[in-house]
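Colleague: In my numbering, the protein residues as written are 283 to 629.
One or more hints might be untrue.
[What the hints assert, rightly or not] So the derived label-pair ranges between C-beta atoms look like this:
| # | residue 1 | residue 2 | range |
| --- | --- | --- | --- |
| 1 | L442 | E535 | 22 to 32 Å |
| 2 | A288 | G507 | 29 to 39 Å |
| 3 | Y505 | E535 | 47 to 57 Å |
| 4 | Y505 | G553 | 22 to 32 Å |
| 5 | L478 | V542 | 38 to 48 Å |
| 6 | D331 | L545 | 50 to 60 Å |
[Stated by the list, open to error] Calculated lysine-lysine pairs in the DSS-like style (CA-CA distance at most 30 Å, straight line):
| # | residue 1 | residue 2 |
| --- | --- | --- |
| 7 | K329 | K422 |
| 8 | K538 | K422 |
| 9 | K538 | K290 |
| 10 | K329 | K538 |
| 11 | K329 | K290 |
| 12 | K290 | K422 |
Since the hints were made in silico from the structure, they are not lab data.
Being a predicted model, the structure only gives us computed values, none of them experimental.
The C-beta atom is built at its ideal place from N, Cα and C for all residues, glycine as well.
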Amino acid sequence: MQGTDARKVALTLFLSVCGGLIALWLGVPAPLLIGGIVIVGAASFLKFDTRLPGWLVNVAFVIVGLLLGSNVSEDTLSLVGQWPFSMLGVAAGLLVMVGFTTFLMMRVFRLDATTAYLCSVPGHLSMVMSMAISGIGDGKRVVTIQSVRILFLTLLVPLLAMALGLVPEHVANMRAEMDLVTLVVLTIAAALSGLLLARVNAPAPMVIGPMLVSVAGKLAGLYHGVLPSGIAAIGLIIIGAQIGGRMSRVTLEDLKRDLVAGLVMTLIMIGITALIAIGLGLVMDMPLGQIWLGLAPGGLDAIGALGLALGYDTAFIAAHQTWRLIILGIAIPLGPILIQRSQRGNA
């Protein structure tokens, strides 16, 4: 990394830290994540270069994966029997969300069918962006609307959870932290597992791989304790900066044109998720907020970190977010093909 690039990265991380401290002072849930998103997002929109190198983002993903896995409690397995209901809820929610918002984007915001579909997909952003940039749909509008969706979804979910009283009264994590030897061994195994999953094109490999390793080790009794708080903070600061940095792709003209569409889509997705979560809450012995986050159409890294900050079962949330990514990994490439066939049939 050249000197100029290193200074830009350092400035971006400094902004993320400042945002986190301000959010902490204001009492915002998941302050290191939310604060970084807001401050770095604003700087990105003002065209400061807030890009982070891929290796640094992957380091943060490994940290978040370890953070989620090490916070899984041993009694989690006793609740797995209830998961089929919520897994069906994830699939139903995706079907309703994508179908309704695609229709809305076409009818109200006048997007073509393929662009509307790619704008409505709640996940696998790298795949969606790659398809849009390659000429499938209007790439600029997909980038703008998806960036707005991710930014506001990550900001609104914890604030709504707090406003609706869905945050447990005691969320502080007082469990002992793992020792240095355990941390080093677990980190090496986690990184290798992430790289292995990346080779087979698994979704979110650098989060899911470390998470699986740390969960397996915890449930097998191979180690005890959670990730040290200082390392966890570093991961959240980097993730906040990475999410905020996505606004660098958006210009003022793009925002004027597509801000309303992105906000409307975000609110609809949150509403649909909330309704399904309320229904599942009637048959599942779990906190409503936990079910809601498990179904929430956000990134595994951000939603998982929010769930941890709000004191919920990270195994439940991570498993359901991973299931959502698996479904989307199959559905995203098929969507444009089915749309094109439908259009040819109607021609």
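Colleague: Look at each hint and say if it fits the structure.
Modeller: Hint-by-hint comparison with the structure:
A beta carbon spacing of about 30 Å between L442 and E535 agrees with the range 22 to 32 Å that was offered as a hint. In this structure, A288 and G507 meet the distance hint of 29 to 39 Å, their C-beta atoms being roughly 33 Å apart. The hinted window of 47 to 57 Å between Y505 and E535 holds, with their beta carbons roughly 52 Å apart. Roughly 41 Å separates the CB atoms of Y505 and G553, a value that falls outside the hinted 22 to 32 Å.
The hinted range of 38 to 48 Å is satisfied by L478 and V542, whose Cβ atoms lie roughly 43 Å apart. Range check, D331 to L545: Cβ separation about 26 Å, and the 50 to 60 Å hint is violated. Our distance criterion of 30 Å between C-alpha atoms is met by K329 and K422, whose separation comes to about 17 Å. For the suggested pair K538 and K422, the alpha carbons sit about 13 Å apart, so the restraint of at most 30 Å is met.
The straight-line distance between the Cα atoms of K538 and K290 is roughly 28 Å, inside the 30 Å bound, and the hint therefore holds. Restraint check: the Cα-Cα separation between K329 and K538 comes to about 16 Å, which is no more than 30 Å; the hinted pair holds. Using a Cα cut-off of 30 Å, the hinted pair K329 and K290 holds, with the two alpha carbons roughly 12 Å apart. Between K290 and K422 the alpha-carbon distance is near 25 Å, which keeps this suggested pair within the 30 Å criterion.
When the structure is compared with the earlier hints, violations turn up for hints 4 and 6 and for no others.
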